[in-house]
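There are 2 protein chains.
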Amino acid sequence: MLCVRAMTSPSLSHRALKTPPSPIRRLAGLAQEASQRGIKVHRLNIGQPDVESPQEFLDGVAGYREKVVAYEASQGSQRLLDSWCRSLNRDYAIGATPSQMLITMGASEALIFAFMVCCDPGDEILIFDPTYANYIGFSAISGVRLVPLPCSIESNFAIPSREEIERYISPYTRAILVCNPNNPTGTVASDGELEMLIAVARERDLFLIMDETYREFVYDGLRPRCIFELAPKDPRIIVVDSLSKRFSLCGARIGCLLTWHEELRKAAFHIAQARLSAPSIEQAAAAHMLDTLGPLYLGAAHAEYRARRDVAVRALSRIPDVRTYAPQGGFYLLAKLPVGDAEDFATFMLTEFSFQGATTFVAPAAGFYMRQGGGKSTIRIAFVLNQADTEQAIAVLAEGLRAYQERRAGRPADSL
Amino acid sequence: MLCVRAMTSPSLSHRALKTPPSPIRRLAGLAQEASQRGIKVHRLNIGQPDVESPQEFLDGVAGYREKVVAYEASQGSQRLLDSWCRSLNRDYAIGATPSQMLITMGASEALIFAFMVCCDPGDEILIFDPTYANYIGFSAISGVRLVPLPCSIESNFAIPSREEIERYISPYTRAILVCNPNNPTGTVASDGELEMLIAVARERDLFLIMDETYREFVYDGLRPRCIFELAPKDPRIIVVDSLSKRFSLCGARIGCLLTWHEELRKAAFHIAQARLSAPSIEQAAAAHMLDTLGPLYLGAAHAEYRARRDVAVRALSRIPDVRTYAPQGGFYLLAKLPVGDAEDFATFMLTEFSFQGATTFVAPAAGFYMRQGGGKSTIRIAFVLNQADTEQAIAVLAEGLRAYQERRAGRPADSL
Numbered sequence: 001m002l003c004v005r006a007m008t009s010p011s012l013s014h015r016a017l018k019t020p021p022s023p024i025r026r027l028a029g030l031a032q033e034a035s036q037r038g039i040k041v042h043r044l045n046i047g048q049p050d051v052e053s054p055q056e057f058l059d060g061v062a063g064y065r066e067k068v069v070a071y072e073a074s075q076g077s078q079r080l081l082d083s084w085c086r087s088l089n090r091d092y093a094i095g096a097t098p099s100q101m102l103i104t105m106g107a108s109e110a111l112i113f114a115f116m117v118c119c120d121p122g123d124e125i126l127i128f129d130p131t132y133a134n135y136i137g138f139s140a141i142s143g144v145r146l147v148p149l150p151c152s153i154e155s156n157f158a159i160p161s162r163e164e165i166e167r168y169i170s171p172y173t174r175a176i177l178v179c180n181p182n183n184p185t186g187t188v189a190s191d192g193e194l195e196m197l198i199a200v201a202r203e204r205d206l207f208l209i210m211d212e213t214y215r216e217f218v219y220d221g222l223r224p225r226c227i228f229e230l231a232p233k234d235p236r237i238i239v240v241d242s243l244s245k246r247f248s249l250c251g252a253r254i255g256c257l258l259t260w261h262e263e264l265r266k267a268a269f270h271i272a273q274a275r276l277s278a279p280s281i282e283q284a285a286a287a288h289m290l291d292t293l294g295p296l297y298l299g300a301a302h303a304e305y306r307a308r309r310d311v312a313v314r315a316l317s318r319i320p321d322v323r324t325y326a327p328q329g330g331f332y333l334l335a336k337l338p339v340g341d342a343e344d345f346a347t348f349m350l351t352e353f354s355f356q357g358a359t360t361f362v363a364p365a366a367g368f369y370m371r372q373g374g375g376k377s378t379i380r381i382a383f384v385l386n387q388a389d390t391e392q393a394i395a396v397l398a399e400g401l402r403a404y405q406e407r408r409a410g411r412p413a414d415s416l
Numbered sequence: 001m002l003c004v005r006a007m008t009s010p011s012l013s014h015r016a017l018k019t020p021p022s023p024i025r026r027l028a029g030l031a032q033e034a035s036q037r038g039i040k041v042h043r044l045n046i047g048q049p050d051v052e053s054p055q056e057f058l059d060g061v062a063g064y065r066e067k068v069v070a071y072e073a074s075q076g077s078q079r080l081l082d083s084w085c086r087s088l089n090r091d092y093a094i095g096a097t098p099s100q101m102l103i104t105m106g107a108s109e110a111l112i113f114a115f116m117v118c119c120d121p122g123d124e125i126l127i128f129d130p131t132y133a134n135y136i137g138f139s140a141i142s143g144v145r146l147v148p149l150p151c152s153i154e155s156n157f158a159i160p161s162r163e164e165i166e167r168y169i170s171p172y173t174r175a176i177l178v179c180n181p182n183n184p185t186g187t188v189a190s191d192g193e194l195e196m197l198i199a200v201a202r203e204r205d206l207f208l209i210m211d212e213t214y215r216e217f218v219y220d221g222l223r224p225r226c227i228f229e230l231a232p233k234d235p236r237i238i239v240v241d242s243l244s245k246r247f248s249l250c251g252a253r254i255g256c257l258l259t260w261h262e263e264l265r266k267a268a269f270h271i272a273q274a275r276l277s278a279p280s281i282e283q284a285a286a287a288h289m290l291d292t293l294g295p296l297y298l299g300a301a302h303a304e305y306r307a308r309r310d311v312a313v314r315a316l317s318r319i320p321d322v323r324t325y326a327p328q329g330g331f332y333l334l335a336k337l338p339v340g341d342a343e344d345f346a347t348f349m350l351t352e353f354s355f356q357g358a359t360t361f362v363a364p365a366a367g368f369y370m371r372q373g374g375g376k377s378t379i380r381i382a383f384v385l386n387q388a389d390t391e392q393a394i395a396v397l398a399e400g401l402r403a404y405q406e407r408r409a410g411r412p413a414d415s416l
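Chains as they are written, first to last, in our numbering: chain S, 1 to 416; chain B, 1 to 416.
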């Protein structure tokens with residue numbers, strides 16, 4: 001009796017039960033099983049690039065010479081703060097100094113800090129829907145309500161108009177959050193659109209949180225933009241940045257928060273003190289990299305992603321009844337498939353289908369949509385495989401789509 | 001006009017304004033200024049040991065061979081999960097498997113996860129006061145109310161009795177949080193006390209969160225205890241652990257959360273997914289270290305901390321009117337000084353005092369007390385300097401105390 005009682009346990013918090021699993025990582029187990037069955041799985045599902053990290057970062061790791069792996073300062077190592085500001089000012093001339101910067105564990109932590117210092121539980125942040133799925137996780141953690149402003153594939157996920165945006169602002173709205181270039185849509189805001197967002201934030205007394213993780217990945221002759229170029233030192237703007245994608249350093253967990261709002265930076269710093277510091281070795285290596293890396297690395301990465309985008313768009317546009325578009329930035333795109341339920345299709349690809357020993361793992365886009373039923377027929381594709389593999393992966397996807405439709409039509413699929 | 005408007009900004013959230021700065025790090029600026037004036041600052045204020053990190057960890061860093069620093073799994077790298085469980089089971093035979101473990105960014109993140117999955121905003125966690133100051137930061141972040149149960153230096157900060165504890169349990173109490181061995185008091189719970197805590201948690205349907213960061217640092221013949229030895233696989237217990245202090249790896253930011261509560265682990269895992277993963281390079285190096293490190297490292301570190309404790313207690317007990325005790329574990333102790341305001345004294349030490357070109361930096365203990373006015377005359381000392389330096393630092397402290405008292409008495413202090 002006592003033993004049974006001992007093994008019961010109190011229930012969890014409501015927020016624990018409300019925090020959604022990552023939709024991007026949800027099907028990972030099925031993919032692993034497929035691999036174990038000997039099937040080659042082309043992974044277009046997650047933003048983990050295959051591009052090599054800069055040798056300068058790896059040199060920084062190998063050159064780590066401290067005898068004691070000590071805490072770094074809660075704000076970040078002085079050397080990394082200095083070198084990141086230098087690098088930002090060289091590219092964007094925004095006049096950043098370490099006093100405006102806080103080093104964080106990836107953009108993720110910077111966003112959590114931003115949510116917490118801007119909003120109390122129940123306050124609202126406006127986002128464009130579909131959105132980066134983990135924003136939904138951050139909102140569950142921080143108790144912030146995300147208010148989704150619908151964007152659609154029919155208009156290539158364009159930034160909504162000012163009237164549209166203002167219609168969604170309520171007395172509880174505290175901030176507008178924009179991922180530019182956007183994950184998952186690849187939309188890039190024009191200067192005019194950025195100026196409109198700044199004007200709305202100013203007039204409606206809101207914070208503008210800019211997630212610039214993909215900043216340099218803009219195509220078709222567009223110029224990368226840091227929002228502080230258009231609104232120098234504006235204290236209502238918070239820029240969140242990350243080394244993860246730009247330098248293929250997802251596992252380093254190094255990001256930052258940049259703001260000229262002194263009180264806000266201080267409050268974020270107090271939260272940062274509670275978690276002590278970001279990892280020391282990656283900070284040392286990142287500073288070494290930023291101090292020594294020439295412009296060629298990023299140029300090559302940029303060219304590679306643009307080429308992959310072109311390959312992906314071309315290959316997808318050849319599949320009947322698939323709707324997509326050429327994203328102007330980032331390294332994702334959404335594609336609407338001729339299926340009723342993209343998650344069922346993605347599961348089919350991992351559990352029932354293979355073509356010449358291979359299958360393709362795509363992310364169902366429903367997890368990126370906040371509105372009920374959004375993105376049900378849509379998938380997200382990441383440009384994380386080299387051009388040949390991307391082409392091959394989409395060819396397999398096309399075969400899978402045909403097999404799936406045939407199965408649904410009751411005919412035996414000859415590729416099974 | 002527009003320009004002025006542009007430069008205003010919305011106010012911060014209440015929780016941002018409520019998050020306290022770290023009391024441990026508050027005086028750091030003054031210490032830096034003292035150093036810049038050429039004064040040698042003995043730093044007894046922060047738990048950053050001078051003990052060298054294991055060579056096996058540094059070898060793991062230098063041996064990192066990945067070309068792409070990729071995301072790790074959100075739960076943690078399989079290799080680190082395996083090796084940490086093996087190491088725990090070897091020392092404590094608790095039968096841990098990776099299914100019960102989540103790798104986190106230090107114990108800090110594990111505690112934030114535990115607060116969030118156990119409590120909704122407004123729920124309560126019982127703590128013993130004084131407490132680890134950053135728990136107060138975590139409570140501000142998570143909206144959890146910490147309810148302080150007073151402990152006193154007069155009883156050497158003993159664990160309160162069952163009756164005492166039960167008196168503080170309310171309908172909102174969701175968990176009891178115990179740091180064992182304790183930071184900042186050094187108190188070690190006996191088996192009887194641990195069993196009492198388990199019994200209270202079971203009978204009152206509470207979670208028991210055990211912060212075992214300092215687990216191996218127990219002295220005077222005590223045996224290190226993992227609570228799961230006494231309550232195998234009890235799903236209401238959450239153990240939070242860290243490599244920071246045990247292996248002098250504070251800057252690696254590698255901790256873990258261990259629980260047999262499957263639903264709880266899953267909820268914490270969903271939060272972990274939102275922040276993607278813990279740093280990859282430190283995880284690889286930590287796994288390498290746990291797989292290859294012999295028992296000598298920890299034995300030597302343990303002996304060193306015990307010797308430092310003895311030196312510190314002996315030196316302090318020689319200073320007139322200082323009250324302290326010999327802590328049975330951890331690497332801190334509290335000492336009550338014959339001063340009205342220990343923060344004022346600590347500031348004096350950094351700004352006005354030096355003895356033979358040196359001063360001593362101690363942490364005012366008030367920041368570790370939740371109850372109003374608690375610890376006002378008390379300081380925390382960390383055993384982070386070698387024996388000779390600890391002895392020297394406390395000798396300087398004694399001189400400083402004399403000078404401070406003389407100044408207060410209106411006499412010119414001859415050491416100024």
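Please keep in mind that the hints were generated in silico from the structure rather than gathered at the bench. A couple of the hints might just be wrong.
One copy or any two copies: either way a pair holds, since identical chains are not told apart in the list.
[What the hints assert, rightly or not] Straight-line Cα separation of at most 20 Å, EDC-like style, residue types lysine to aspartate or glutamate; simulated pairs:
1) Lys67 x Asp234
2) Lys266 x Asp220
3) Lys67 x Asp389
4) Lys67 x Asp50
5) Lys233 x Glu203
6) Lys233 x Asp220
Now for the hints, and whether the structure bears them out:
no.	hint	result
1	Lys67 x Asp234	neither (42 Å within a copy, 39 Å between copies)
2	Lys266 x Asp220	neither (39 Å within a copy, 43 Å between copies)
3	Lys67 x Asp389	between (43 Å within a copy, 19 Å between copies)
4	Lys67 x Asp50	between (33 Å within a copy, 9 Å between copies)
5	Lys233 x Glu203	within (17 Å within a copy, 56 Å between copies)
6	Lys233 x Asp220	neither (29 Å within a copy, 58 Å between copies)
The structure shown violates the earlier hints numbered 1, 2, 6.
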